Amino acid sequence: MPDLLIELFSEEIPARMQKRASEDLQRLITNGLVEAGLTYAGAAAFATPRRLTLALEGLTAESPTLREERKGPRTDAPDKALEGFLRATGLTKDQLEARADKKGEVWFATIERPGRPAAEIVAEVLETTIRNFPWPKSMRWGAGSLRWVRPLHSILCILSDEAGVTTVPLDIDGITSGDTTRGHRFLAPDAFTVTSFDDYTAKLKRAFVVLSPTERADHIWADATSTAFAQGLEVVEDPGLLAEVAGLVEWPVVLMGAIDDDFLELPPEVLQTSMKEHQKFFSVRNPKSGRIEKFVTVANTTTPDDGATILAGNQKVLSARLSDAKFFWENDLRVAKSGMQPWHDALATVTFHNKLGTQADRIARIAALATDIAPRVSADPEGAARAALLAKADLSSEMVYEFPELQGVMGRYYVAAAGHDADIAAVAEDHYAPLGPSDDVPSKPLSIAVALADKLDTLTGFWAIDEKPTGSKDPFALRRAALGVIRLVLENDLRLRLDTYFDKALLRHKAALNKDEADAADLQAVEDLINEIAERGVFGAALRTVQETLREKNGDDAAKSTLLDELATVVPDKSADLLAFFHDRLKVYLRDRGIRHDVIDACLAMPASDDLAQLVKRANALTATLATEDGQNLIQGFRRANNILTQAEEKDGVEYSYGADVKFAETDEERALFAALDSAEAAIGPAMEAEDFTAAMHAMAGLRAPIDAFFETVQVNAESEVLRRNRLNLLHRIRETCGSVADLTRLEE
Amino acid sequence: MTGTLDKPTCFQDVILRLQSYWARQGCAALQPYDLEVGAGTFHPATTLRALGSTPWAAAYVQPSRRPTDGRYGENPNRLQHYYQYQVIIKPSPPDLQDLYLGSLRAIGIDMALHDIRFVEDDWESPTLGAWGLGWEVWCDGMEVSQFTYFQQVGGHDCRPVSGELTYGLERLAMYVLGVDHVMDMPFNDPGAPIPLTYGDIFRQTEQEYSRWNFDIADTAILLQHFEDAEAECARILDAPALDPKTGKTIIMAHPAYDQCIKASHLFNLLDARGVISPTERQAYIGRVRTLAKRCADAFVQTPAGNAA
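For the protein sequence lines, the chains are A and B, in the order given.
With the working numbering as the guide, the letters of the first sequence map in order to residues 9 to 757.
With the working numbering as the guide, the letters of the second sequence map in order to residues 105 to 412.
The following block holds chain B by itself, in its conformation from the complex (with noise of 0.2 angstroms):
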């Protein structure tokens, strides 16, 4: 990179230069999955993407809930309801540090004056029976994002390898502008006709989705809705393989998996109700990865997944 690095100015502008970044090199610009997740991880474009021997480039933007995380909108960086933005190419390339240090370039965040470290940080996602090895990366001494080389996915070793990165973008956003307080940080430009900040469009629905998560979300009906899923997701993968209809053969994985993530986000909501003790938490975790684990076989033999 040569010349003064342009600052952004807004967080849709970090979000926009990420994403035209990341298509510059290659990647699928996809869109966000149109289910509730915790992370950007569980989009399909990672999660059973990474399965299997096809080469695979996605990058995209991933709104993700995490209840227990949801602060009434008054902590100055933590939310229920928050954006990720994930990059996985397979193989991870050689270069897949520079690439993502190009990344950081291209948000205005100059190496000249930055401290940027690759510091240990393996990942594991129990509930996805996933883990990989790498870093959390430092920018002066802030965690602004997690870069994992997949070796395992639904119990499943990767091969090839898949490099995972992921940028937790309000923080992100946050440092590169200089704000103190989420909710003050622009949203689009300051200087449009109509300027709004983060608090303009999520203040009032962190309070909204706070009181819920906390207090008012019926548990029965979230526990009814986890064993439906459950249900759900095993039926999908039981039903044959050939589709009598089309005569085709048809396994289901996509389907099956999009229950398996429902499931996921109904524990993560009863956990924030607090009706999980911690013995049993472990056992809701373990049902979740038995469907992942069960979507990952069947995501292998599928075209996409690489079935022979």
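One chain only, chain A, in its complex shape (with noise of 0.2 angstroms):
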């Protein structure tokens, strides 16, 4: 069984594609082959900046014959038939056989289709993989029409076996395989053969090639951490700069250098963020003053003096880079120190979106809805909207035009620079928070309080312009930010009534989006009716007292407000639609962790659905509930219940929730059910009070037995109309018990 080798040779592969790349190549090859029906024992696939390497182990010599058999006509059909036949399995009708069927004699064919040998194969997939190959983006060059990722320059392409290598014959728009390659581009550029994957592996380090990325950045990742600890100090830890590095380099080489001291004032953030943007420079900390004080960089080649020029030309290029940054940070600490007040003229400048206003209007929501929210979260309001006005501040700073990624870290510093106090700077910071699905959530009340404004403005923002997420289309990352929103209730165990900021935010987008066009009649009253929302937390009552004031004040003919009208259908809408996104959102979240959808559904359909930390412990104990052999049969008999029930409602035409009365009870089960029942409301009744679900789930779990025992020794439809009617009144107190947690009807069996 021979083993394939096989090497795509081209100018430098961006870092980033590398991995992504070889993974491709794996796959488009092996499925190919096994499609053509060679099999394989084993594939390894490798990427370096110039070259994409697949190995295989054990292919098979060729594929195997295959024999078809295929019914034709009856031999009595008309020639016709027979002809079209022949044509279709390309035989003569001498290799045809003629066979008794059900239905007479029936022509039969036997089709074989040989083997083919697997270079023969290889060949074919190697040449629609190379002008197929799914690159994120790939150029033609020279005058050619080969698509790759930058020019491609030979092909590797050989089987070997005991008897020996063969190079697998191709020619893709004038690259001919070959069994030979070349080392590294300056080490050792000469071309050479290869006869095995072991062969190739060991000539390429030879030749100052390391194929393997993973060894690659092990290499790197040991020698950085060594040589730092040789000084006492500490590499720190970046997998995403390691791996790209180590798809910029084929023969590694770690350097270790010293930041000028004139730069180590700076924060180790903006160190960091310049060395690994610009340079891709690991920092390295001293652990003991937790500064950052010297860098590593990888070079691709040795050289006689070690790298001494290389380090040189790095730290040059390095201070020229932090001398920038030094320039940028001294320039914003002056603005921080005197107040931030050009910035926050600059934000009034800058747009952040056409319909929803500047920066400027945007923090002034954020900085409205965040004294809103404050009182909820323990956080002082005034603090809150301080916080939120100054949290964005450095969006107009010189270091954050330079370094975008560093927004809100640079907020933090200037914030505290302008001597506010470090919980009014830390929001500048923790607002963003959490962007990843795996990021800290803040937990300090004021950086709660913004953090939840900030996202709910930009949800209610794009809903009132209707920019909701579409299928894979989120520009604005609207489910991160509710994600965010679900994150930051949920593990700081808010209680909160979504609804009522939702309605408020959206009628405050909804006045600037017509504060051209609307009078400040109109506008007054949305904002008496924000202001009743905050009152009442109920839209519908706020609506009507703001409408009655106005009856009151105008009469009735003067009291129509248009805009009023408009938003009085369309803000619940929305809300509701945005309370939908948001259940979403936490459906696929609990699933997550574990919570059935159908569990869920079933603590959607229950009031205050918009209070998600109440959801999530209804949930939580209906879940904890269903794993228990009493909660699963609970399900049954309440399931039970509820289906004579509705039947008898349906052919009935009536609802039976007229007391069930003791006195008719015809059986000591019966009775026993009674006083379940009774035992078991005078328990949830008290548990929903402290919202205690888990005790009320409990309560309801002790009811199992006697309604099992009641099904089992009692007839519902019993021939008294009156034992009838009773009895399905008792059936319609368990509906009731049992469904003050969850809607039990939506579980599914």
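Read the hints as simulated data drawn from the structure, not as lab findings.
Everything numeric in this text was worked out from a predicted model, so none of it was measured.
Positions of the beta carbon are idealized from the N, C-alpha and C atoms, including for glycine.
Wrong hints could be hidden among the right ones.
What the hints assert, rightly or not - Among the chain A residues that face chain B by a calculated CB cut under 8 angstroms, a handful are: (1) E20; (2) P144; (3) A151; (4) L154.
Take the two lone chains and join them into the complex the hints point to.
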């Protein structure tokens, strides 16, 4: 069984594309070979800046012969039918076989597809793979029409077994396959022949190329950490940077250099970002001081001066870069210490979104919303407003213009430099969080208030202008914002009615969107409505109050506020739609945490489903109950009760909700169920009051035995109409009692 | 290359070596274009000649102006007026990377001592409606050149593809000569009877232009010039191809493209004066791109653009 080795040698492949490309190469080639009838024992793919390599072990030498039998027309069918069959099978009449079939004698053809040698199949599959390779971006070069990520120079493609090596012949747009490759661009540029994968990797290593990206990364990390350790320092971990750097070199050589004293006072985040973004340097930290004092760069070559020239060059570039950073830092600090006014002014000229106003407009809205939220999260409303107004000031700073990824981090430094408390300064950094699903969630009250306000303003804003995410398109990262709100609420166990904030924020957006067309009275009415919602919490009640006041003031005719009338329908619709979006995100979030989607649906059907923390408490309690045997059986009993009751109600056209009376109970089991319901209800009432859903579910689970016993012994549809009605009313009590935590009818069987 | 590499002595030495190296590789050693441009790519020898199938090889220095980069001559490596060295070869030869590395050797960079890297950097010019894939070339962590395979120019697919090399001459020369501040860099031979530094020649002009670019340039006039250039470009291209005087077909792609270049530079000046808001920016860039595309459309109708 031969081994196959393929190497596609090109000009430098972008580091970020290498891993995916080697995986794609393996997938496309192996799929193609298997589809053509070959099998293989093992596969491994590699990438360096200049090559994609695939090694297959134990490939079958040829594809198997395939035999296929096809049934043709009857032997007495017209000649036309037989001719067609011969054409379709590519056979002649004497190659057919006549056999008896149910309907008489029929022609059968046996078509044989002979196996093909592996080399032929490999050549075809490789050509198809190269011509259709899924590069994220590809290009043409010279006068050719072939596309590759950068010009493709050579193709190595060999099959090797005990008998020897054969080159798989291939010619793609003038690039012919061979059994040679080249080493390092500068250290070993000459071509050499290769006889097997082992021979290939060994010769590459002698030619200053480490084929495996993992081996390069491991080498870099080991060398970097031990070099740092020798000086009592530690390398700041950065797996993304490590992978990228490993994709920029074929022969990694780690060099450590010092950062000029002039720059050591820069915030560590600035040093780290500048070095990483511009130079792809690792930061080296002094564990005693926590400061970043040195850097590690990875060269792609060894030199007679042990990298001295390279290191000096890199240091020089770093100094130029850090001079810029220091210049920004000092300028920014001056602005911060003088109160940041120029930054605030600048934000008034920067558009956030052409319909949603400037950054300054947005910040004002966030501050208003943060003030609303603050009392609910134990934050000082005034502090929340102040923190919100400062939190995005750094967006105008020079440092953030240069390094957008430092937004927030710089804000924390600058707000502190402007003389504010650490808690206020922390908001600048915290209010963006959480960004990723594994990011920490802010836990300080001020940070929570502004983080929620920031995300809710964004969500309601884009809902107000109908820019919701669709399918895979979510250009404003609204799903991430909603998940951020969900995590802020749940991980801090916040008790919030989101509806109220949706309504108020939507109204603020709508007022802003209409500010040019609407008259002052209209806008005032919206403002009044926002304040009424703050007072009453409920949109409908607040709307009626405002309309009432308008009517009293202006009389019936003049009470018409067209804007208010429009918003009266639009805002509740949008608010409900946004809540549904949250519920979808919540389902995804909880599903990942092992909560069944039907359990969530059952809880969503209950009131106050915009109180996410309560919703999740319900879901947790129900999930825990369902995990017990009593719980499972309770659900069965509930279902049975509910089904009988529903059928009876449909049949009779009435609702059986009149109190069942124990005096009509005939059996002990029936009386026991009455008693059990009495005590369960007595326990559930206070538990629900205290939102102790676990206790409520526990009390419900206690009904399991009495319900089972009842159904075993009692005929609900008794002949006596009195007894039947009483028992149906009793079932109604089961339905009511069991429905207090969640709508159990929504659970799947 | 064999033997020790001799180092250049001054800025002009770097330029002369590049010029003679690329001339030896068969490029036409062209001269700078006589209009203000933001980069060597704007020279019609690149922008227009990258279109069509006629083989082309040219190399030239191009003085370039980026008004917003002015620092009154004080920043060690930022200038509002600087030089680019530009090489364009169509179709891109298979050994273009090696040819490029040869040019670094020619200016005294020893591959045995330095770390040369090709780092992904895709090039796009929204104003020219052009893009390509390639790298920025690093020497010891410093970007010394831009290396691009043109895929599209003026909205037209490049067939064949041109290979384009752009060297930032000041930065490259400072590195090779070991100079830390651009103004301290020897321009001519330091041993010459009258040695001149870069600062002797450009410090004062950097100051003058920085002031003019940022504070003095009359924005109303610039705006008018922009509109004029835009209108003239369109007018030139709208003229019938047949010249009644000579009886010949003369499509005036180059004069029209001059107006496009002017519009682009006027936009840069307006930008430096801070009178263009972020939203307007896109609109201005779009207007210049429209001109560039029309010029490209016209050029491919001309003999140099391989009109059938």
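Now for the hints, and whether the structure bears them out:
no.	hint	verdict
1	E20	4 angstroms, holds
2	P144	11 angstroms, violated
3	A151	4 angstroms, holds
4	L154	11 angstroms, violated
In the structure shown, a violation is registered for the earlier hints numbered 2, 4, in ascending order.
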